[in-house]
Every structure is written in C-alpha cells, then in structure tokens.
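> Residues per chain, in single letters:
4 protein chains.
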Amino acid sequence: MDIEIIAVGGYDEVGRNMTAVRCGKEIVIFDMGLRLDQVMIHEDAELENMHSLDLIKIKAIPDDTMMNSIEGTVKAIVCSHGHLDHIGAIPKLAHRYNAPIIATPYTTELIRQQISGEQKFGVNNKLFALKSGQRYTLSQNLVLEFVRNQHSIIDTVTPVLHTPHGAIVYALDFKLDRTPVIGEPPDFARFRQIGKEGVLALIVECTNIGRKGRCPSERIARDLVRDTITSYEDDKNALVVSTFSSHISRVKTIAECAHEIGRKPVLLGRSMEKYAVTAEQMKLVSFPETTSVFGNRRTVDRTLRRMMKAGKDKFLPIVTGHQGEPGSILTRMATGDTPYQLGKGDKVIFSANVIPNPMNHGQRYMVEARLKMLGVRIFEDLHVSGHGYREDHFEFLQLLQPQHVIPAHGSLTMTADYTQFAGELGYTAHSTVHLLRNGQRVKIN
Amino acid sequence: MDIEIIAVGGYDEVGRNMTAVRCGKEIVIFDMGLRLDQVMIHEDAELENMHSLDLIKIKAIPDDTMMNSIEGTVKAIVCSHGHLDHIGAIPKLAHRYNAPIIATPYTTELIRQQISGEQKFGVNNKLFALKSGQRYTLSQNLVLEFVRNQHSIIDTVTPVLHTPHGAIVYALDFKLDRTPVIGEPPDFARFRQIGKEGVLALIVECTNIGRKGRCPSERIARDLVRDTITSYEDDKNALVVSTFSSHISRVKTIAECAHEIGRKPVLLGRSMEKYAVTAEQMKLVSFPETTSVFGNRRTVDRTLRRMMKAGKDKFLPIVTGHQGEPGSILTRMATGDTPYQLGKGDKVIFSANVIPNPMNHGQRYMVEARLKMLGVRIFEDLHVSGHGYREDHFEFLQLLQPQHVIPAHGSLTMTADYTQFAGELGYTAHSTVHLLRNGQRVKIN
Amino acid sequence: MDIEIIAVGGYDEVGRNMTAVRCGKEIVIFDMGLRLDQVMIHEDAELENMHSLDLIKIKAIPDDTMMNSIEGTVKAIVCSHGHLDHIGAIPKLAHRYNAPIIATPYTTELIRQQISGEQKFGVNNKLFALKSGQRYTLSQNLVLEFVRNQHSIIDTVTPVLHTPHGAIVYALDFKLDRTPVIGEPPDFARFRQIGKEGVLALIVECTNIGRKGRCPSERIARDLVRDTITSYEDDKNALVVSTFSSHISRVKTIAECAHEIGRKPVLLGRSMEKYAVTAEQMKLVSFPETTSVFGNRRTVDRTLRRMMKAGKDKFLPIVTGHQGEPGSILTRMATGDTPYQLGKGDKVIFSANVIPNPMNHGQRYMVEARLKMLGVRIFEDLHVSGHGYREDHFEFLQLLQPQHVIPAHGSLTMTADYTQFAGELGYTAHSTVHLLRNGQRVKIN
Amino acid sequence: MDIEIIAVGGYDEVGRNMTAVRCGKEIVIFDMGLRLDQVMIHEDAELENMHSLDLIKIKAIPDDTMMNSIEGTVKAIVCSHGHLDHIGAIPKLAHRYNAPIIATPYTTELIRQQISGEQKFGVNNKLFALKSGQRYTLSQNLVLEFVRNQHSIIDTVTPVLHTPHGAIVYALDFKLDRTPVIGEPPDFARFRQIGKEGVLALIVECTNIGRKGRCPSERIARDLVRDTITSYEDDKNALVVSTFSSHISRVKTIAECAHEIGRKPVLLGRSMEKYAVTAEQMKLVSFPETTSVFGNRRTVDRTLRRMMKAGKDKFLPIVTGHQGEPGSILTRMATGDTPYQLGKGDKVIFSANVIPNPMNHGQRYMVEARLKMLGVRIFEDLHVSGHGYREDHFEFLQLLQPQHVIPAHGSLTMTADYTQFAGELGYTAHSTVHLLRNGQRVKIN
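Chains as they are written, first to last, in this note's numbering: chain B, 1 to 445; chain F, 446 to 890; chain P, 891 to 1335; chain Y, 1336 to 1780.
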C-alpha cells in the first residue's frame, strides 16, 4: 500500500488549509479552510453567494480541482478545530465528496452553523462528532484517533490516522500548553506512546516557527489580563475589552476579571454570541452568572443604551472589533455610532494581537486614532499566541519521532524555515522533510 | 518693537501648517494648511461642506481661534508653496482676516482654484502674486522678500520678513537641491547675504531631521526613473507610472522617459490635470509634444479604452493612485474597473514613497496585492524626498546664522530632534532654540 | 523661598542621572549615576582609575561642574535605588560635596561597596541608611521621606522632599507593580495622600513612556520563567539561565523554579555574588537552601567542573552574560572556555531583554551564534521591564496631581514624548511641564 | 550522459559558495568561497594558519568532503569574480583537486595573491586567465564560456558550461547594469542567444530576490556620491570617504569627485592598495593623476601626518573601515589613534551599506558614536547594491529561458523566496526549480 501526502491548500500561505492523505485507494481529507485576508482584498466579495470556482480564483479557498487527478475514494473529511481557516471552505467544497465530516463536538456544531449560512451550495455530508481521546474506524486499514491538544479555541484535537505503515499525525494547529485555562493539557503520554509505536509522517503547522523559545501558556494571558483589569478596581470610568470571539478561554478570563472587580460582563456582537452561546450550551464553558450576551445589532444597541444609563462603571462590555473591522462594535463605539459614549479616562483593552497584514494595521490605526481623540486610554497586546513556537516544535518532534515531516500552514518562507529547523535536528530535505507547495504531492514509503 | 512668533498649527503634527509673526502691532501669517490624514480617519468628512470649527475639532485645520487674543493687525497671509498642508485651509480660514494673500504665481493660481471649490465660506481676500526674488513692502516697518528655493513642487520660495530687528526667515518647506530638474537651485548667495545682514529668527521645517546626510537631488530621482523605464525600451507590455500629481518635475521626467522609448505620455486623473495644465499654461513647464492630459472620469475611461485598442505598448499612462487611494485610477485599474486591462508582464511603477501612516500602508498593500494577482511586475520607491535632511539643515544654519531657531512642521518628537541637533551646534533650548507646541508663542528679543 | 530644579545628568540620555533641587539657599542632590554604554564605546576606558573630568568628557558621568554656579549649600545626596545609572558616579563626584549620602539600607550597602572599589578618589561622605516609609529632617525647611515603590532591584523608594511650598517627588525609577515577587506593592495610599497635601513638582523617569498600556507585574515574569523551566522537569540536558545579577526577585524566581524541578541553583559570577550575597546577608531575600553562590573565576571554574562531573541535570547554573558581554560566564561557556561543556539539547534561557543598543545586539548575536553551533536550544525574553509604561504614568499623575512635571531619565525624544503625553492631560509646555536638557534649570514658583 | 548539480556551499547561507556540476564522468567546480562572518564569530580564528577541516567545522569554508562520494574527474575550478566569498577558500581546498583554476585576468591575479598568503597548504594548481567573451575547451564534451556581466567588482563574468544537453549557466553574482561606471553592460545579446540555443540549467544567486523592482545602476551611486561631495566644493574641513576596497568603480568615482573639487585623492589601507594597484597595473582602471595610494601602516600614518600639516582641505582620503572594523583606518581615526585629527565640521562619508549582521551594526555604531563626539558630520549609504533585484531576475529568466533553475547564494529563506518567485512564473518546485541545501544534489535530465 503506497501512501501519499497531497498539499491542497495552506502550503503557500497562512489560511485556506487542506491536506489529503492517500493510503492505497483510500483518501482522508484534513480541513477545508478559508483565507480571510484574500476576501478583504476583494472588498466587493460576498462570500455566501459566491461560487467555489470564483473563490478558488481569488485564492480564498483551496484549489481542490487537483483532487480529480487523485485515484481513490474519499473516506472522510476531518477537521482539527473550529477556526475558519480550517472549516470555512466546507460549505463551498464538501458537497463534492461523498464522505462524512468528522470533528469534535464543538467543531461539529460550528460546521453545522457554517453550512446553514451557505446560500450557494447544498451541503448534505453527514456530520459526525468524535470526542477527544476517541477512535473511529474508517476502513479495514484506517483508523482515525483524536488526541487531545491545546490551541486558541476549545475542543481542539490532533487527528492521527493509523495506517498499516504507521501513524500519520495531522498537527494543525496546536500549542503545548501545560496550564491551559479551559480543558486539560495536551495528551503528552499518548503522543509519546504513538511516537514509540511509530509515526510514518507528521504534517505540522509552522506559523510560529520563526519565534524563539516556547509559546507562553494561556495562563500567562490570563495573568496579563487580570493584572490590568484588577488595577482599575476603583475606577469609575468605562472598561471595554475586545478579543477574538472564538477564543472562549480568553472570553472566560475577561468575564471572570470583570466579575472580580464587581462589573457585569456583557458579551456583544454576532460572532461573540455565536461562539460563546454554543460553548455554554454544550457545557464546555461556564461564565460568571452575571454575564449576559447580545448578538444582533438592535439588542446590542439597546443594551449599550441601558449601560450608559445605569452607569458605565457597572459593566464590562466584551466586544468585537480588535482588528478595527469596519462595522464592528468597537469601531462603531469609536465613531460615536452607538448610544454608548466613550470619553476622557475611559479604557479600551485589546486582548489580541494585530493579525500581521497591512490592512489590519491600517484599520486598527484608524480605530485607535479615533479612540484617542475621545480621550480614551488604550491597552494593547494583552495576549499570547495559540501556536507553538520553535521549542514547542522541538519538543513535539522529540515526542513523536516521525520518519517524515511535512511542514504546512505557512508561506514558503515559513515552511522553508521549518525545513531548516528540521535539518538542524537531522532531517534531510527531499528525503525525510518535504517542502511542498499548493498542488504538490509526495509519496512517503 | 517687540517681536513674537506664534505657533498656530503644524507644531504637533506633520500637516496643517500656520505660523503668525507679530512685530509690534503688525502681524504676518505664514501658511494655512490642511492635515489630510485627519480627514482620512474621519471617513465621512466632506471637506468642502464642513465648517471651520468642525475641521478644527478633528484637527484637520489649524486652530486659529487663538489669534483673537493676539493684539495687532494682520497685514498679509503669505504662502510659501502650493501643497495642501500649506494652502488647504485658506478657503476655511482666510476670510476671517482682512488681508491680502501673497504667494508666487503658481501657488497663487492653485489658491485661486482652491477657493473656487469651497462650498461653505465666501473668501474674498485679495490674491497677490509675488515672484521669486521680488520684494513687497507691507508697511513702514515690514518688507517681505521671496527667496528662491527648491521643493517637490515648482515655484517654491522661502519667504523672508525684513523687520527693523533683522530678518525672519520662514523655511517651510525646502531642499537644497543644486541640480534641480525644473528651475534654478536655491539662491545660496542671497541666503548667505541675508545671513550676513542678520537673521533674527529662522522658522524651519523638520520633517527629515531624523535622516542622516543630505537629501539626494531631484536629478537622482530622474536617473532612477530613467534607469528603470529605459530598461524596457523593447518591451511590448504596459508601462504605467503613478506619482504625486503636484510634483511637476517628476511628471515631466516620466513624460520625457516615455517619449525617449517611443511611448506617448498620457496624464490621467483630475488632480493630475489640475497641476499639470496650470503649470503648462503658465509656461512653467513644457512636456514632450506627444503628451496628452485627461481629467474627468468619462474622458479618462474613453482614453483608456482607446489605448487598449491601439496597443498598450504605444502609451505610458501617468496616473493617480500611488497611495492606493480608493477611487484613484490605479486602484480602478487594479480592480478591473476600467477598460484598460492589466495582465502578465505588464509593469506598474510607483515613483513615490508610501506616506508613512498605517492607513496608507494598508491601502497600498491592497492595490499591490490585486496587481500581483493579475501578474503585474511592480517597481517601488523610484523617488527622492523633497525635504532637506540633517546635513542640509546643517548647511542652512551655516548660511543664515540665525539668532533664534523655531523648528516647525513636525510632531513634538521631530521638533525635539531638531532642538537636539541645534543644541549640538551651540544653540540653547528655551533661549535660542524654541520648542513650541500648537497654541504657544515666544517673544524673541 | 524660590525653588529651582537643576537638570545635571540623564536629561539627554538614558543613564548618568543627577538632578539637584534648590530651595532657597539649600540644595538636595538626587542620584549620581554612570552611563555604561559610553564606557563601552571607549573600550580602553578603565573606570576605576579615571579622573572625573575625563569621565565627564566622554559623557560617562554627569557634568556637575555647573553646580559651581548654583548658590546654596548641599544638604544631602539622595539615591533612589542601587542601579549603577543612579549610584555609579558617587565614587567620582560625591567627595566634592560636604554632605551625607542617604539611601535605603540595600542601596547604602551597594554604595559602600562601590566606593571601596574606587582607585582615584577618596570618598568620605557619611552614608546614612533610611528605610522605606521613614522620614529624615534635613533642615528647618526640608524633610526627606522615602515612599515605598517597586522596580527591578529591591529596596527601591521614591524620595519625596517636603518643602514649605509643597512636596517635590523624585520618581526615578519605578513601576506600579501590584503583585511584586519581593516586598510590598508601591504605597499607593501614601502617594494619594501626598497628592492631596499638594505636590509642587514631580521629577519623573520616562524610559517607557513610548510603550502603551501598563508594565506587566514581575509576577508575570515569574510565570513566564516557571512556564518554561518546569516544562523540562524530566529533561536530562543542561539548563542554564542568565539574568541581571542585580535583579534579586528574578534570581529568586529562577532559583525556586530550579528547586521545584529538583535541580540545585548555582549562582555564578562576581556581580551575581555581590548582589545576591549582600541581599541575603541583609535578610532581604531567602533563596532555596540548596542554592550556592560562587564569585571569583577560580571557584566558578572549579564549580563548573564539579557540575560537569556530577551530571548537568542536577544543577541549574544562574550566570552573568545575558548581553553577550566578553569575559562573562555565558560567553566563556559558549566559546568552550570553561570546564562546563554545552552540547546538543542543552538549554540556555535569557531572562533578560537585550538592552537596546547596537553594541549589545552584536555581542548577543555572537554568543547565540556560538551556542547554536553547539546544538544548544535558546529561550529569550523571559522578562518584563522594571519601568512603568504610559498608563502607569497616567495613574501616577492621577495619584499625585503635581503642579509641575519634569520628565527625566531619557533622551530628548523620550522627554518630549512625555511632554506630549502630559500635554494631552492638560499640562502646558514651558509652564507646567518642563522639557529640560542637561545643564538647564527651571524655577517653579 | 547524466548531469547532476551538487550544492557544496552557499545554499544555507550568504557566503562560502561552491557548486559542482557533474556531466557523466567529468566534473566542473564553480567557486570556492569563504564566509567571513563565521570567522568574525570566532574572534580567535587566524585564517592563514588554520586547517581546512577546522574551517569547515566552523562553517567558514564549504564542506567539500562530500566530493569524495562523487564519481568523476574534476576538470576545472572556475571562479566567476574575485570576491572572497567566491575565491577565499581556494588556498584551503584547491590543492585537493588535480585541476586548473580558470578565471578572468583580474580575478586570476587576486587568486594568485590569495594563494601566496596561505601559510598552511601548498597550492600548486595551474592558474589560467580566460577573458570575458572567450571560450575554453575542457574536454570533448565540455566547453566553458565567459559571458560579460556586471557586479560590484570589475572583470566579473557569468561562466557558461556548454554540454551536449544544453548550457549550464552559473550566474553568481551579477547585476544587469545598463550604465556601468567601468566596463561594458552585460552581454544581453549573447545571453539571449544562449537562451535560444537552449539552457539546461541556471544556477543563480538570490541575495536580493526579496527586493522589489530593479537594482539601480552603479551610475546612480556615482551621482549620489557626486551630489554630496561636490556640495562641499568650498568647504575647508576634512572630507573622508570609506568604501569597499574591492569596489574599483566606486573608488574611481570617489577619486574623480575629489579631483573635481580640487582635492587630491589618497587611497589608504592594505586592502585598498591591493585591489586598486592590481587593477591599475592591469590597465583596468585609471585614476586621476593626482591620486596616490598607501598600504602599510607606517606609510599610511606618515601620509596622514603630512596631510594634517599641508591642510586637510587639500586631500580626500579614501579609507578602509566602513563596517567599523577594529584596526581599520577609519576606526583608528575615530579613536584618535592616527596623526590625522578629526574635529568639528569635518565630514565622513560612508559609500557602503552596513552588511546586514548584528556584529557589523555594533561596530559601525561604535565608530559613528566616536566620530559624532568629535563633531564630525556623517553621511551614510551613498551606495547601490551589486546584486540584481527581483525584476532583474525576471528579465534574466526571460533572456535565458532555462529548463531548470537552482537558486544559490542564500539562506534557505532566500532560496525559498526565489523558488516562490520562479513558481509565479511557471516553474514547478522539485521538478524544474530545485531548492537545495548544502550537501544535496539533483539530477536534471
């Protein structure tokens, strides 16, 4: 049985991830993601109504037309976690494959919602929720296992495909967080055991391979956020925090800090509502009981008016808009386009980095410039990454001892950087570490 | 007679320049400029219809309300050159002063056009065109002289106000270009002579005080542009160049290079038309006879269609849009929103820097990303600055030997940098070099 | 009684701090510091043997010759904490003043050692140890108070000089750390009270005015260090940490983490010994009992040989050399110049930033390049600053409500940045916020 | 006959270039270079006395031990130009091969001098000077041709190996300069013709692949230097220029500018003498007749004393030390360690970039800091690169139309960047564009 790794998307860029693994005549697809910044460049693009071929043309989703030339049957579409660069193209591509979509419960629920918003295609693939730690038999030869891992969204796993020739580990995305805020640390014991049993190939993200040392634990982000918010215990001014709405651990941290200083946490914004309510309903998180959530614009504005009236010092709004997105709540606050008036001494906290892209820097600059003109005090980067750094990768390689490594989820500069790193540890380019581009494939035995 | 320098605008930012000089009971105002990036932040701002007080509030024009507290009569409003950060607030502020506006002929013409576009205020100040090298008697005590200088717009002068206590030199903006493309070099001999006669105060721009060495001559920009354009003599692909439409020397250079390789230069865009046609009609520049100019959108698009039909290799469009401005011709070309199709191997040349501001970086990134997706080859930064560097300032101080120096046209960081520089040359903060903020004033005798 | 602030050193640079305050005929001097990078530039400089005038010439110590022109009697030399940029010039300058040196106990002890190493001058000033929270009557008019504060060295205070016209607060250096690792948080209550009683002037450091938000607590650094070190609990390779030897909190953190994973902490290096042993003998810190300390080169090398023999996994050396200083222990380890062999999989942790200066970057690069060639894994920047950020300054101003502010300890760019910041909060340049250069003075009533 | 490209050195770094091409049983080696920054890291390294294996270990020269496993006979060692990263390892490695060294006349002479300085090995390979434009028959199957090109050293060629399967072009290093200062432009016609005849493989440098647009012509550097130097025609202060001593075009430019303003050019420093005198004796350059050259320290210092006496305004010293190298003449001038005193108003011009490496930045910072303390005015970066930019590579690919491309002379990040660039133009990774690491090889038919 020959085994082949097929690089469909995410090998020339950060975003629109998709990798296929062919074992003999059977194929497993990992992830079908979106590349959001490409959508931004095409300002007129209306995602929901666009055809997949148009989205492929603007490089917003993986070009899976190459799959036509791969002989074999797709047995499953497996998603490692619920971020859009991993599940966002499912509404556009999954219907082409007669195969179930397998993901953890939370990810499954997000995929379901994603599909239901689609206007162009009817997606009828079966959705199967596999829990972290569980296995699923795909065929006589192939067994899928979900190994617990950590990332900046809950219920993230590292899918492992057990084949007769050894395991194939799909490690997009992960961080080796020993002290996470929600959930357990990565299952180091299981990874080590899989390593001992034999890993044929590791497909691995490399977004942070350029950063030295280890990625700090989410616990550090919690401490940073707490350090700042609790410094304003006696402050009468507004405290507004913006963060990634899919980052449930962070939202929980912020809500708890609000609670700690006697303010009611109020989650505002459509996506804020989507991720938080879903997580809460699935009992994956519990927020302080004083927490409330409002999604649609009318109720958001009504709530903002109410807070204004009751006193800004009684609440801590947690809002969308950390990248300065036009139309987000923070942007609307900054332009005076809500009933919530920001002014002198009010505080706005960004518990997020600026996603590195000049468009985001431009938008963020605008929102900050407007906030400053109102006299608002600004706090930035109370944040840690959700992606392992160079020494996390070092540890991960030590645990798994893979025969082959395929760096993924990055521009060629990043995957080349990973290749150089692997080279320093004894891997050989073209032979045991494989630098692929979108549309390329490599046989590994 | 006591003399006072009043910092109205441009002392806390790059942009919205305005300085008043009071000599006894007589006042001369230098420049009334706009700050364009502040307008960008307020996307909804419609300049022509806005009231000056609203523009002051968003820091887009100088806050000249402080002038009410200055005792004296305004004798003249003097503009050093035609850039918007020096003349752009005239339609909003000049009518408050019963005084003529004095500027060089080209600048005067630009001011006239500026005023005629104003919707909100009626501006009836007399416009007086004073040529470089000439003098104008303002009163018994005050004589205004225009000394020839160089900058990135033609007909730039350094106004000098002769007072009974010595000359006051207003050096915003300038570069000591010994080999300019249009016009004569700065009048070094006259500056040296004025220095010997005695300069009481030098008010001086400091936008490039942080850059070491000398600002390269515009001749270098010409060589850079020529070096690139003539490399494509035999190329059949499109060559499109974008540059500052007010930079007549540069536009001339580009047009001549086009001519040299047998392509017809075609200037496109409303502002491109405004500056070029005005300059040509005033006989301040002559373009190759094959040059044509089109300003309004309908004729621009008709011309683009015509070029497409006749062959892209026969023309060299010189267009607006080097900062990626939405709606500019280059942006429209990049989004396929014109009849002129860009494709593989076509070349786009930016003969401009990115004006340092995250919003511009974001917009420029977007237009370049779109051009690259079309297969266009991109050339950047074929450009030199129009503002003197540190060693130009050194030379200028040596020439003028002023008793007092007032750095202007910069953020406090820049004016402080100039102060440090002046300190190294023997000036003393608070005593002979004065670090002012908007709204501050200093007496200098 | 007129009051004057005299900027002697540290107003044009980071380093060589010295400020004098004259109240009528009485003068109090705050700090006499060294500028180490100037010494580095003059590689041949042998500090101990140099005359103060030569050190003034190369700008390594404050130019206090200006003090000759100040009329009045120096009543005290007051040092806020024990860093060299605050006490390092005492051996060169203090003997010129007939006045006691007043500092906290730990700082006093460091000054004593500093003086005893001096070869050129005999310094006989009385040394007086004043505890944090205590007061000292300098004269009928002047009372000195030490208010508890936090910084990157223990026993740091903010000296407050009570005058008949209000308090003068000398806030060099500080961070508003609510959860310090050693000692109590700053005495917020007392600062607020002093603010209410009336602060005439705040002299304030501004090294981090350019950084947004708040400076993270030392607790965060502890978490970062712990996060990394404890990840290697089962590792058999070497773990070596380098940090600032004067940063006792950090050294304690590292020693405790070593202890936690079962390794004996071994402090190595002359300065490591000096600061740690002094602190321990004064009962200001207690390290885990397994900790040992070795200062001079012979015993250091003997210890390194012993560790090598016993097993690198039994110890955690805490060493000098985080800036790649030639001759430091880490540099010697990297060049194979000690009995301690570093090799594949060994780990070196920098719990320090690179002090921003191209010379340090060059040296640090060299030591890292050598470590990497040995196969060493590198961890950087497990560190937080000891200087308040912009929002700490905001809070500090809110607490103290000073009438006048004098930014200090920074280049003109930094002090100008602080001035702009103060301006946004309502202070006025030249009137209530004073931008001084070395050698300048300002009267404040 | 199978053809293989063997990446020996320069594929993981900038420096120590060496590539072997095997055609059946015959091998041609291109370049044997040194990596100077690795020598800098090992400060104690004494190049002349070191064994090749030690130099290989510290990665200072290519690891050619892999050549043992290549079956075939080395027919020639070919050097493209005389920079040390292309010829510097010849004294250490060439004697292992029984083959002549072939290079252009100037390069040959530099190699001869290089060999004569070697202490450790006896190198007896025949040296053969082949002129640009000429051919050399290596064997029945192989013909070597030198095609004229441009770079930052004179007499640079692009060696082309004609094989039965097509040409193999070794394009390290080059710039497509249409208006060079010395010599003719690259032989575009011949390159185009070779392209038409069929290029099997292009081995190509990629140091500047990351820079957009075209590399400016050396003519631009001349204009920049002239623009600055001639601005000081009437200046009585010193003018000192430092540049790359091997950059004969630049040295000529500087000498001519000196002459133009009536100053005698004086070349100072051992390497300055070596390159200039060699070039002049070979009639490859002529300097103004007032030019003089001094190499060894004693005569240099005597000359400096003489200039000091006669008047600094009569001479323009062109000196070594643009990277702040310890012991260079500029460094000695800055530390006052020569009879030539620099002071207020004197000018030092760096006609060189800082070679990007933190060690150079550190040393350069030190020398500039010292110069500034003396009151010297500093001019930087009057320089253009000698390596083609991205659009030069685009043009070169258009000319040659190679079947295979092998990016060389760069870190993996750079070669990966080139691969991405080639991919955009239709090349396919692993198939027609080959990303090699040191020690790897690829068959190309």
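Hints listed in this document are in silico derivations from the structure and should not be mistaken for laboratory results. What you are looking at is a predicted structure, and each value in this text was computed from that prediction instead of being measured. Hints should not be assumed to be uniformly reliable.
Stated by the list, open to error - Selected chain P positions facing chain Y (Cβ under 8 Å, derived; list incomplete):
| id | residue |
| --- | --- |
| 1 | Met1172 |
| 2 | Gly1252 |
| 3 | Ala1259 |
A virtual CB, placed ideally from N, CA and C, is assigned to each residue, including glycine.
> Taking the hints in turn, state whether each one holds.
We went through each hint and held it up to the structure:
The beta carbon of P/Met1172 is not positioned within 8 Å of any beta carbon in chain Y (closest approach about 37 Å), and the interface hint is therefore violated. Among the interface hints, the one on P/Gly1252 holds; its C-beta lies about 2 Å from the nearest C-beta in chain Y, closer than the 8 Å criterion. The restraint placing P/Ala1259 at the interface with chain Y holds, with a minimum CB-CB distance near 5 Å, inside the 8 Å limit.
Comparing the model with each earlier hint shows a violation of hint 1 alone; every other hint is respected.
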